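**Q** Sequence:
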Amino acid sequence: MQNFGRMNRKTWLATFIVMLPCLLLGREKPRVAVAEFSVKAPRASYKLGTAMSDILIHALVQSGRYRVLERSVLDKVRQEQNLTLSGEVDAATGAKFGKLAGAEFLIVGTVSRFEEKTKGGGIGGVLSRKVAGGAALYESEVAVIVRVINSTSGEILLSEEISKKGRAVGVGAYTSVLGAPIAGGLFKSASMQKAIESAIDDAVKKIGERIPSEGGGSSDLSEITLSVAGINFGTLRKMTDMLTGLDGVEDVQKSLSDGVASITVQYKGTAEELADALYAKKSGDMDFEITGLSDSKIDMKMK
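Position 189, counted from 1, in the sequence shown is what the working numbering calls 196; the numbers after and before it change by one each time, with no gaps.
Because the hints were derived from the structure by calculation, they are not lab data. Computed from a prediction, not measured in an experiment: that's the story for all the values here. Glycine included, C-beta positions come from ideal geometry on N, C-alpha and C. Don't take each hint at face value.
[To be verified] Calculated pairs, DSS-like style, for lysine-lysine (alpha carbon to alpha carbon, straight line, at most 30 Å): (1) 245 with 213; (2) 304 with 245; (3) 54 with 245; (4) 195 with 289; (5) 172 with 54; (6) 304 with 289; (7) 124 with 103; (8) 261 with 83; (9) 36 with 304; (10) 212 with 195; (11) 310 with 195; (12) 213 with 47; (13) 310 with 275; (14) 195 with 245; (15) 103 with 172; (16) 275 with 289; (17) 124 with 106; (18) 124 with 54; (19) 245 with 212; (20) 36 with 213; (21) 47 with 103; (22) 195 with 54; (23) 106 with 172; (24) 304 with 261; (25) 288 with 195; (26) 36 with 124; (27) 275 with 212; (28) 289 with 36; (29) 106 with 83; (30) 124 with 83; (31) 83 with 172; (32) 245 with 288; (33) 304 with 124.
[Stated by the list, open to error] With beta-carbon atoms standing in for the labels, derived distance ranges: (34) 241 with 282: 46 to 52 Å; (35) 301 with 217: 21 to 27 Å; (36) 165 with 83: 45 to 51 Å; (37) 53 with 296: 46 to 52 Å; (38) 252 with 219: 24 to 30 Å; (39) 49 with 213: 43 to 49 Å; (40) 168 with 306: 45 to 51 Å.
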């Protein structure tokens with residue numbers, strides 16, 4: 008009996024060691040690879056494709072939800088296999104490419120629209136309106152088609168065009184968007200920076216809705232959208248910091264356009280519980296009222 012018990016323990020230990028990689032794999036973050044975006048917009052530089060994919064990679068890493076592969080790995084596989092990737096890549100090619108690179112999911116994209124103009128005329132034209140001491144008011148629009156492909160099944164999990172607009176005064180030279188470095192000269196105005204940031208924020212949200220969470224199991228998090236009117240960039244940063252510091256908040260994604268912020272929160276609780284937590288934290292320099300509430304959305308207005 009003693010030998011039998013020892014044998015059972017040995018068998019159990021051997022079985023556990025064999026299963027350990029599978030158990031650990033179940034807790035791994037999904038492995039994703041982002042291919043360089045193609046550029047179909049006539050007024051955009053081909054370098055914008057590299058910049059947009061870099062910004063998306065940075066945003067996905069910052070979300071903390073994925074293991075994101077370095078794009079140089081994709082480039083090497085592409086060279087060896089002589090494959091061409093673009094926003095129009097078919098699912099079979101994308102799946103093969105993702106598997107070769109060691110990714111569970113492949114993200115490809117296309118810049119389909121890129122417009123940057125002054126209000127009342129094109130860049131360099133005669134302006135019908137000037138603001139802020141003669142500086143032009145710029146309006147910009149960018150659209151990207153984002154596709155997510157499962158590298159095991161070849162299934163297209165997401166194919167969506169995301170179009171965003173931005174407005175801002177004056178021009179500027181930008182070296183980063185959402186913290187990701189970009190090459191200079193790709194766009195002129197702060198309005199385009201806002202449009203790109205909003206498009207990438209939305210892309211990260213859409214990707215998160217299609218790619219399973221860690222281990223592929225169900226999540227107990229609720230996705231709650233906060234629509235905040237009458238807010239500026241500085242106050243949005245304070246609001247984001249306040250949300251990040253709340254118990255139960257796992258992830259915060261934000262965008263801002265024309266004084267209205269859209270904030271998506273992954274929260275361990277209900278929208279009503281999140282609203283209560285926000286009211287408990289508000290202060291003199293972060294004063295607001297909640298004007299609407301549903302199961303997945305909170306409408307707010309800054310005072």
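**Q** Are there hints from earlier that the structure breaks, and if so, what are their numbers?
**A** Checked against the structure, the hints that fail are numbers 3, 4, 7, 8, 11, 15, 17, 23, 25, 26, 28, 30, 31, 33, 34, 36, 39, 40, while the rest are satisfied.
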